Amino acid sequence: MIVAEKKAPIAERLMNGDRNAVARLITWAENGDGRFPKALAQFYPQVGKARRLGVTGPPGAGKSTLVNELVGHLRTQDRSVGVLAVDPSSPFTGGALLGDRIRMESRTSDPKVFIRSMASRSSHGGLARATIDACDVMDAFGFDDVLVETVGVGQAEYDVVSAADTVVVVLCPGAGDSIQAMKSGLLEVADVLVVNKDDMPGAQRLAADLGEAIHIRLAGRGKWITPVVMCSAGRGTGIEDVAKAIEEHRSFLGEMGLKQARNTKRVGQVRMVASEWVDQAVWSPEPRWNGTTCAAHVQQELSAGSTPYDIARNLRDAIMAGKLQDQPELREQA
Amino acid sequence: MPNTTRIIRVLIGKPGLDGHDRGAKTVASVLRDHGMEVIYSGLHKTPSEIAEAAAQEDVDVVGLSILSGAHMSLFPRVRDELASRGKEDVLLVGGGIIPAEDMAELENDGFAKLFGPGTNTDDIAEWIKTEMKKRFEAEGEDA
Ligand SMILES: Nc1nc2c(ncn2[C@@H]2O[C@H](COP(=O)(O)OP(=O)(O)O)[C@@H](O)[C@H]2O)c(=O)[nH]1
Ligand SMILES: [Mg+2]
Chain A
4 MIVAEKKAPI
14 AERLMNGDRN
24 AVARLITWAE
34 NGDGRFPKAL
44 AQFYPQVGKA
54 RRLGVTGPPG
64 AGKSTLVNEL
74 VGHLRTQDRS
84 VGVLAVDPSS
94 PFTGGALLGD
104 RIRMESRTSD
114 PKVFIRSMAS
124 RSSHGGLARA
134 TIDACDVMDA
144 FGFDDVLVET
154 VGVGQAEYDV
164 VSAADTVVVV
174 LCPGAGDSIQ
184 AMKSGLLEVA
194 DVLVVNKDDM
204 PGAQRLAADL
214 GEAIHIRLAG
224 RGKWITPVVM
234 CSAGRGTGIE
244 DVAKAIEEHR
254 SFLGEMGLKQ
264 ARNTKRVGQV
274 RMVASEWVDQ
284 AVWSPEPRWN
294 GTTCAAHVQQ
304 ELSAGSTPYD
314 IARNLRDAIM
324 AGKLQDQPEL
334 REQA
Chain B
64 MPNTTRIIRV
74 LIGKPGLDGH
84 DRGAKTVASV
94 LRDHGMEVIY
104 SGLHKTPSEI
114 AEAAAQEDVD
124 VVGLSILSGA
134 HMSLFPRVRD
144 ELASRGKEDV
154 LLVGGGIIPA
164 EDMAELENDG
174 FAKLFGPGTN
184 TDDIAEWIKT
194 EMKKRFEAEG
204 EDA
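Chains as they are written, first to last, in my numbering: chain A, 4 to 337; chain B, 64 to 206.
Okay, chain A solo, but in the shape it has when bound:
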């Protein structure tokens, strides 16, 4: 009988340079697999060395093409790069066509580059959690830079990219989307604004408009003034300027600023995960509250004439006072 060879724990394999461990841990993160937090506990001491860049903007602006160029730029400096490319899932079928990779295909055979496509799946908090986890995996593996691409269409995507140290927003001329982006708050998350496709008419004009919008918004000393940089990712021109603007943002933050910003973001992550777990535990199908499920208890209270606010207040107080019943699966999860 052949006895299967026991593999080393996955976190160990990750830290020893096993690329399949990167891939599998990201899968676990995406699936909310209970094994992920346990593995993370082992590799977490290695997290914190990678520089994290978020790239967002409307569909078709050229994010994937730019990410591919930025990877090329980093490779000329012999930096290793992990890329996470997020594309939307269909809200109807849950399926997704993940098309970003095709713009970066020339990198697939580079052993210092690792590209992972992720679908946004359904839940808003879930995506942000999974991408932060995936960044942590790539960071612990030892990639010098981690780049995250998401479509900038809503709050979920802002949450995702704002976990990065520096956020690049990519716009392009000729798309009504860019105007929309200016209105919808995409500018607020930008540390660097890129006007891509400067080979097309209207790029100069868009850059000027954006510059104006930023200066109106960001007057004040000691603050980072978001630069507007033009490039053509498609032709590979202006990429150095984009890279330089990213560098400048990093220098502006400095060691201390970066550390502080990262700590603040970790607080946000803990808050997000804890809320998710509390929510799951409280609303589980197990009896939780006075011998019944929370949902049933709430219905009883409603029939008894309580208002939604009264019930919610009681529930909050019961949670805070530890009055809900023991929640074994919560302990297991941790």
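Keep in mind that the hints were calculated from the coordinates and are not lab data.
Among the hints, erroneous ones may be present.
Not the full set, but computed from the structure, chain B residues with beta-carbon under 7 Å of chain A [said to hold, decoys possible]:
{"hint": "1", "residue": "Val101"}
{"hint": "2", "residue": "Gly105"}
{"hint": "3", "residue": "Gln119"}
Rough simulated footprint, nothing fancy, chain B against chain A, three-plus residues with beta-carbon under 8 Å [claimed, not checked]:
{"hint": "4", "segment": "13–27"}
{"hint": "5", "segment": "87–101"}
From a predicted model like this one, the values you see are computed outputs, not experimental measurements.
Note that the Cβ used here is the ideal one computed from N, Cα and C, for glycine as well.
Mind docking chain B with the ligands on chain A? Use the hints.
Below, chain B with the ligands without anything else, positioned relative to chain A:
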């Protein structure tokens, strides 16, 4: 605990020189419509590029499409490249213009299923779902 309602991840690969990917793209979008997450490799990929992408993406399924007639050399090379990356467990399927005897040979040689040119794309999706359901259910704690 293994999760049996997991989303199936698929890489559709086009090895070799033929420049027709309408079929591959159609299959990709049908699988998407069946709730899978699908990555398309693009045209003219080497077996090693396809296997490397499959490894990075940690896909459950690799589907190869070929019309050039070079399947008997290229398909086994993709299989070997997957194995050399420790990915011999992926569900490997193929399609295109492939004679019945070649299909039979490949199915004896590491390929789970070959689909001929007339296959209904929904049937392909259903076949993959059934197969993956079994696999997810059988999956243990080992990773
Ligand atoms: N003219 C022009 N087209 C570009 C440029 N960069 C990207 N594109 C094209 O814009 C389209 C969308 O690019 P992609 O990178 O996929 O955009 P994403 O959706 O933001 O990731 C593709 O057809 C690209 O070839 C550019 O600098 N100039
Ligand atoms: Mg893209």
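Q: Could you check if Gln119 (chain B) really has its C-beta closer than 7 Å to a C-beta on chain A?
A: Holds - the Cβ of Gln119 (chain B) comes within 7 Å of chain A, reaching about 6 Å at its closest.
Q) Quick one, is the Gly105 (chain B) hint okay against chain A at 7 Å, beta carbons? A) holds, 5 Å
(Q) At least three residues with a C-beta closer than 8 Å to a C-beta of chain B: is that true for the segment 87–101 of chain A? (A) holds (count 8)
(Q) Holds or violated: the hint that Val101 (chain B) contacts chain A, with Cβ atoms closer than 7 Å. (A) holds, 5 Å
**Q.** Coverage of the segment 13–27 of chain A by chain B, judged on three or more residues with CB within 8 Å
**A.** With 6 residues in contact (Cβ-Cβ under 8 Å with chain B), the coverage given for the segment 13–27 of chain A holds.
In summary, the structure agrees with every hint in the numbered list given earlier.
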